[in-house]
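Trainee: Please put together the full structure from these sequences, using the hints given.
If you want the building blocks of each chain, they are given just below.
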Amino acid sequence: KNEVEQSPQNLTAQEGEFITINCSYSVGISALHWLQQHPGGGIVSLFMLSSGKKKHGRLIATINIQEKHSSLHITASHPRDSAVYICAVGNTDKLIFGTGTRLQVFP
Amino acid sequence: EAGVTQFPSHSVIEKGQTVTLRCDPISGHDNLYWYRRVMGKEIKFLLHFVKESKQDESGMPNNRFLAERTGGTYSTLKVQPAELEDSGVYFCASSQSLNTEAFFGQGTRLTVV
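As you go down the protein sequences, you meet chains V and Z in turn. Counting in the numbering used here, the first sequence runs from 148 upward without gaps. Counting in the numbering used here, the second sequence runs from 1137 upward without gaps.
Quick caveat, the hints were computed from the structure, so don't treat them as lab data. For each residue, glycine too, the CB sits at the ideal point set by N, CA and C. Treat the hints with care, since some could be wrong.
[Stated by the list, open to error] Derived list of chain Z stretches under chain V, where covered just means 3 residues or more per stretch with a C-beta under 8 Å from a C-beta of chain V:
hint, stretch
1, 1179-1186
2, 1241-1247
[To be verified] With a straight-line Cα cutoff of 20 Å, these simulated PhoX-like cross-link-like pairs (lysine-lysine) come out:
hint, chain 1, residue 1, chain 2, residue 2
3, Z, Lys1214, Z, Lys1180
4, Z, Lys1190, Z, Lys1180
5, V, Lys148, Z, Lys1180
6, Z, Lys1214, Z, Lys1187
7, V, Lys148, Z, Lys1177
8, Z, Lys1214, Z, Lys1151
[Stated by the list, open to error] Between beta-carbon pairs, the in silico distance windows are:
hint, chain 1, residue 1, chain 2, residue 2, range
9, V, Thr159, Z, Arg1245, 44 to 54 Å
10, V, Lys148, Z, Ser1194, 11 to 21 Å
11, Z, Val1174, V, Asn211, 30 to 40 Å
12, V, Phe165, Z, Leu1234, 30 to 40 Å
Mentor: Set out below in structure tokens:
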């Protein structure tokens, strides 16, 4: 069992839908990161959080430290949101990654 | 400000050959990380430099992999001799200090044939 589990692995949505990606972890963490990777592109950091909730535009990330769970929400999804979304946790000096969630948003 | 840059973006080599990947971190970032994603798997940690020192190399798969960061600036990751299972995407990341936001490069896609 991976130390960081994401669900779902694949997700398709119609433009405008509300999207939720979940991440659970089993190790102690200093912070949790949500990352985005477009096809053929590099990895971009979306959020780094250690408690509560953060919002940036249409993206919202929440974390529940007691339950070791985080969610990434996308409101009013758009085809340009199509990408792989990766959850990673900071553990000692390194990141431990989930396998990623491949999101496709259709017009 | 330039981001993390990696070179080359793609490399195709034959089994048994040597390949050297390079990473230029963001200027002033003491922490430099190498990660790797092999086909179908999650991204895994390889090693962590603080300036020119190897802080943690627990993720290096075997002694065919050698990472250096002379002078504490750019880093190289050499694979010698390359094997088929080394194929994957190698990512470099840098951060200003421990447990702050890490910035990733575009990755180097290595294919060993």
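Trainee: Determine for every hint whether it applies to the structure shown.
Mentor: Each hint tested on the structure:
Only when three residues or more bring their CB closer than 8 Å to a CB of chain V does the claim for the stretch 1179-1186 of chain Z stand; here the count is 4, and the claim holds. Check result for the stretch 1241-1247 of chain Z against chain V: holds, 3 residues qualifying (beta carbon to beta carbon below 8 Å, three or more required). A distance of roughly 17 Å separates the Cα atoms of lysine 1214(Z) and lysine 1180(Z); the hinted pair therefore holds under the 20 Å criterion. A hinted pair counts as satisfied when its Cα atoms are at most 20 Å apart, and lysine 1190(Z) with lysine 1180(Z) qualifies at roughly 17 Å.
Proximity of lysine 148(V) to lysine 1180(Z) is assessed by CA-CA distance (about 15 Å); at most 20 Å being required, the pair is judged to hold. As the CA atoms of lysine 1214(Z) and lysine 1187(Z) are separated by approximately 18 Å, the hinted pair is consistent with the 20 Å bound. Taking the CA atoms of lysine 148(V) and lysine 1177(Z), the gap is about 13 Å. The hint holds against a cut of 20 Å. In summary, the hint linking lysine 1214(Z) to lysine 1151(Z) is supported, as the alpha carbons are separated by about 14 Å, within the 20 Å threshold.
Between threonine 159(V) and arginine 1245(Z) the beta carbons are some 26 Å apart, a value that contradicts the proposed interval 44 to 54 Å. Our hint of 11 to 21 Å for lysine 148(V) and serine 1194(Z) holds, since their Cβ atoms are close to 20 Å apart. The hint said 30 to 40 Å for the Cβ distance between valine 1174(Z) and asparagine 211(V), and at roughly 31 Å that hint holds. Phenylalanine 165(V) and leucine 1234(Z) have their C-beta atoms about 35 Å apart, which keeps the hinted 30 to 40 Å range intact.
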